[in-house]
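Chains as they are written, first to last, in my numbering: chain A, 1 to 172; chain B, 1 to 547.
Please keep in mind that the hints were generated in silico from the structure rather than gathered at the bench. Note that CB positions come from ideal geometry on N, CA and C, so glycine has one too. Be careful, since some hints might not be right.
Said to hold, decoys possible - With a Cα cut of at most 30 Å, we get these calculated DSSO-like pairs of lysine-lysine:
#1 B/K319 to A/K17
#2 B/K19 to A/K16
#3 B/K207 to A/K16
#4 A/K147 to B/K207
#5 A/K16 to B/K208
#6 A/K16 to B/K112
#7 B/K19 to A/K35
#8 A/K142 to B/K314
#9 B/K152 to A/K147
#10 B/K208 to B/K112
#11 A/K68 to B/K471
#12 B/K358 to B/K207
As the list claims (entries may be wrong) - Sample of chain A residues with no beta-carbon within 12 Å of chain B, all distances over it, derived:
#13 Y4
#14 K17
#15 Q47
#16 E54
#17 D84
#18 D106
#19 D111
#20 L119
#21 D126
#22 S131
#23 K142
#24 I146
#25 R152
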Amino acid sequence: MKIYSLLAEKKPDVLKKWFALILETYPKETSSFLKSQNSQTRNPVTQAIYEGIEGIFNGLVHEDDEDKLNIYLDNVIRVRAIQDFSPSEAVSFIFSLKEVIRKELDKEICDPKMFKELLGLETRIDSLANSAFEIYMKCREKIYEIKANEMRNWTYRALHKTGFYKEVRTEE
Amino acid sequence: MAKETTPEELVNVDYEAPKKDWTETPVEFREGMYCYGSRPVYLQEVGFPNPREWSPADEDWKLPENWKEIVLTAMEERLSKYRSFRVFMDICVRCGACADKCHFYIGSGDPKNMPVLRAELIRSIYRKYFTIGGKLLGKRAGARELTEDVIKEWWYYFYQCTECRRCSVFCPYGIDQAEITMIGREILNLLGLQTDWIGGPVANCYKKGNHLGLEPHAITSNIEYLLDDIEEITGITIEPSFNRKGAEILFVTPSGDLFGDPGTYTAMGYLMLLHELGLDYTWSTYASEGGNFGFFTSMEMAKRLNYKIYAEAKRLGVKWILGGECGHMWRVLNQYMDTWNGPADFMEEPVSPITGTKFENAKSTKMVHICEFTADLIKHNKLKFDPSRNDHLNVTFHDSCNTARGMGIFDEPRFIIKNVCNNFFEMSSDATREKTFCCGSGSGLNAGENIELRMRGGMPRGHAVKRVQEKYGVNMLANICAIDRAVLPPLMDYWAPGVDVCGTHELLANALVMKGEIKRTQDLRLEDLPGVEDDDDDDDNNEEGGE
Chain A
1 MKIYSLLAEK KPDVLKKWFA LILETYPKET SSFLKSQNSQ TRNPVTQAIY EGIEGIFNGL
61 VHEDDEDKLN IYLDNVIRVR AIQDFSPSEA VSFIFSLKEV IRKELDKEIC DPKMFKELLG
121 LETRIDSLAN SAFEIYMKCR EKIYEIKANE MRNWTYRALH KTGFYKEVRT EE
Chain B
1 MAKETTPEEL VNVDYEAPKK DWTETPVEFR EGMYCYGSRP VYLQEVGFPN PREWSPADED
61 WKLPENWKEI VLTAMEERLS KYRSFRVFMD ICVRCGACAD KCHFYIGSGD PKNMPVLRAE
121 LIRSIYRKYF TIGGKLLGKR AGARELTEDV IKEWWYYFYQ CTECRRCSVF CPYGIDQAEI
181 TMIGREILNL LGLQTDWIGG PVANCYKKGN HLGLEPHAIT SNIEYLLDDI EEITGITIEP
241 SFNRKGAEIL FVTPSGDLFG DPGTYTAMGY LMLLHELGLD YTWSTYASEG GNFGFFTSME
301 MAKRLNYKIY AEAKRLGVKW ILGGECGHMW RVLNQYMDTW NGPADFMEEP VSPITGTKFE
361 NAKSTKMVHI CEFTADLIKH NKLKFDPSRN DHLNVTFHDS CNTARGMGIF DEPRFIIKNV
421 CNNFFEMSSD ATREKTFCCG SGSGLNAGEN IELRMRGGMP RGHAVKRVQE KYGVNMLANI
481 CAIDRAVLPP LMDYWAPGVD VCGTHELLAN ALVMKGEIKR TQDLRLEDLP GVEDDDDDDD
541 NNEEGGE
C-alpha cells in the first residue's frame, strides 16, 4: 500500500514525534532526563521505549505478523506496567501514533484513496491496542505471581523452620 | 561526572516555570511501593521507642505527642556528632550529577527519587531550623516547616533508597546519600516508624542470633539436609563441627543461605570447599548470622547485633574468622565492626593455613572474605577443577553494591568464576564494578509487599542482564550476596526470564574435583549434568564429560 511507503520515508520524523508524545506522559524533570541520555545501560527506559516503538513502526510498515510486533510492544509495556501509570495510561501510547501519523500525512490523506488506506492502518493500530492490553495484563499477573511465590516460599520456610514440615526423602 | 550537554541542548532553554514547587507535591502512598509498618512487639523486643500498631496507609500515624521535638533534637545531635552529616547538608550545589544515577529514579521516573531531591527532603528542614538563612528567608532559602506530611514523605522515600551509594560515586563532592538515608531512617525509628520486614529480623537476630530466628537445632538439621545432598552428588560424607572450642577458624555466613534456594547451594559450596581443604574450622549456632538488619535502623542497634561475632570468637578461642558471601554484612564488618566492637586483640592476624598468605587487609578486624581466601587458594594451585561441568552455563557477574563500593572487591570473584567456568561474559562497564546497579531490594527492602518497588529499582540491573542474555546467551547471574540470591530470581523472572541466579561458591563447588568423589552426574541442584552419562550406562567412559 502507498501509505506504508510514504510512512517509511517519514520514519525519522514519525518516531521523533511519537517518542516526544510518550515522554510527555512523564514528569517534566524526568522527561528531560529521558531525552538526554543515549547509553543503553545508563538509560534503559529510553532504550526500551525507543527500540520498542521503532520495532512497532517497522512492523506496521512492513506488515509483520502479530507475534513479532508483540515482542516490541512488550519492550515498552513491561516498563510502563511497573511505573506510576494507570492501566489506560500505560498502554495509551499506541493511540498517540495515530495522532502523529494524521499530522504527518495531513496533506496526503485529503486524497480519498489515501484516506481509505489510513483507515486500514488505523484499524491495525487499534488491534495493536488489544495486544497491548493483553501484554499489560501479563506483566501485572507476573508481578502478582512473583508476590504469591514470595509468600509461598516464606510460608514454606516458616513451617520448615518450626519443624511442622519435613521433606519426604526416598530411602535407598 | 556530570552529564555531557550537547550544544543543541544548551541553546534549547526552557523558560517555562514548573507549575508548582516540589514542596507542594504531597506524597501519595501507592500500594506495592512501601513496606508494612513494624509490629510493636518487634520494637519492644529490642527497646526501640514508641512501639504501636500503625499502618503507612492510615491517615493518622499516631505519632508521639512530642514528635517534632524528638526529630529536631535527633537532627541536632547528629549534626554535632557526625561532621559528614553537616557537610552533606551544606555542601550540595545541585549540579545534578547524581540525579540520573539512582536505580530507583531511572526505574520509576519519580523526581523525588533523584538522590539530590531525596537529600533535599531532610536538607530543607535543616535549613529551616539550623541555618540563619533558612530561618530568615524561609522558602526563598529552600527551607520548609516540619509537618507530619514531611515525616510521611521521609518515610516513603528513605525506604525507596537501598543505601547502595552509586550516586556518591558520581558526586563531585562525595556526598554519600546512603549516610543521609541512614540518618533519616534513624530519626524515623525514634518515632516508632520501622518497617515490619526490618523490625522482625532485628528482633530475631537479637534474640536468636540470626534474622530468620533459627534455633541451634534448626541450623544443624538444615545443614544436615545439605550434607545429605552433597553425599548423593559426590559420594563424600562431610561432618562439619558446630560450636567447637579450640577450632582455628570460625565461619560466619548469612543465615539466608541455610534456608532459601539458591542460597543453600552456595552453603553447600562452602561445606564442600572447606572439607576438601581439611580446614580446622567450626560453624556457630549462636553467631549464626553475618548480615545485620540493625544497620538499617540505627548505628547503636547494628553495633549490638554485631557484637555476637567477636563474643563467639572469644568464647570458642579461634584464631581468626572467615566470612561467607554477603553484601551489607561485609560493609558492616569492613567499615564499622572494628571501631564498634574492636580491637579483637584476642585473635591473631589471619593467615591461610593452606598457602601461608597473610591477609594484611584483615589485620585489625581478623575477618577474611571467603572470596579473598578462595582466590588465594586458586592462585597457589591448591584446588583442582573440572570447569567443563559448568559448560552448560553462560555466566555473568553482578557486583553487589556493598562489597563493590563498600570495600572494593571486584577481581576476586571474577578470578574464581573464570577458573571454574569456561563461559564468562561481562555486562556493560556502566553496570559493573564501582558503577554496579543495585538489585533494588537491599537495605531491608526485600519484603514481599513492595514487589513493584523492587521491580522498579531493579530495572537497570535487569536490563543490563537482558543485554548480555540477548548478545551472549547468558543464562546464569552469579553474585556474592545472600540478598541478591534471594531477590534476583524474581527480578530476572520479570526483566530477563530464563536467567538463573547463583552464588560464586556454588559454581566453584560444581567444578571442584574432590578427593575420593564418585563420578559427578548431577550438579549441586541435583539436576543432571548435560552430556555426562552415568557409569552404569557406559562403563568405558571414564571422563567427567563435556570436554
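Against the structure, the hints:
no.: 1; hint: B/K319 to A/K17; in the structure: 67 Å, violated
no.: 2; hint: B/K19 to A/K16; in the structure: 26 Å, holds
no.: 3; hint: B/K207 to A/K16; in the structure: 59 Å, violated
no.: 4; hint: A/K147 to B/K207; in the structure: 28 Å, holds
no.: 5; hint: A/K16 to B/K208; in the structure: 59 Å, violated
no.: 6; hint: A/K16 to B/K112; in the structure: 27 Å, holds
no.: 7; hint: B/K19 to A/K35; in the structure: 20 Å, holds
no.: 8; hint: A/K142 to B/K314; in the structure: 48 Å, violated
no.: 9; hint: B/K152 to A/K147; in the structure: 25 Å, holds
no.: 10; hint: B/K208 to B/K112; in the structure: 38 Å, violated
no.: 11; hint: A/K68 to B/K471; in the structure: 19 Å, holds
no.: 12; hint: B/K358 to B/K207; in the structure: 35 Å, violated
no.: 13; hint: Y4; in the structure: 28 Å, holds
no.: 14; hint: K17; in the structure: 16 Å, holds
no.: 15; hint: Q47; in the structure: 7 Å, violated
no.: 16; hint: E54; in the structure: 16 Å, holds
no.: 17; hint: D84; in the structure: 7 Å, violated
no.: 18; hint: D106; in the structure: 25 Å, holds
no.: 19; hint: D111; in the structure: 36 Å, holds
no.: 20; hint: L119; in the structure: 35 Å, holds
no.: 21; hint: D126; in the structure: 27 Å, holds
no.: 22; hint: S131; in the structure: 19 Å, holds
no.: 23; hint: K142; in the structure: 6 Å, violated
no.: 24; hint: I146; in the structure: 4 Å, violated
no.: 25; hint: R152; in the structure: 10 Å, violated
Violated hints, in rising order: 1, 3, 5, 8, 10, 12, 15, 17, 23, 24, 25; the structure is consistent with all others.
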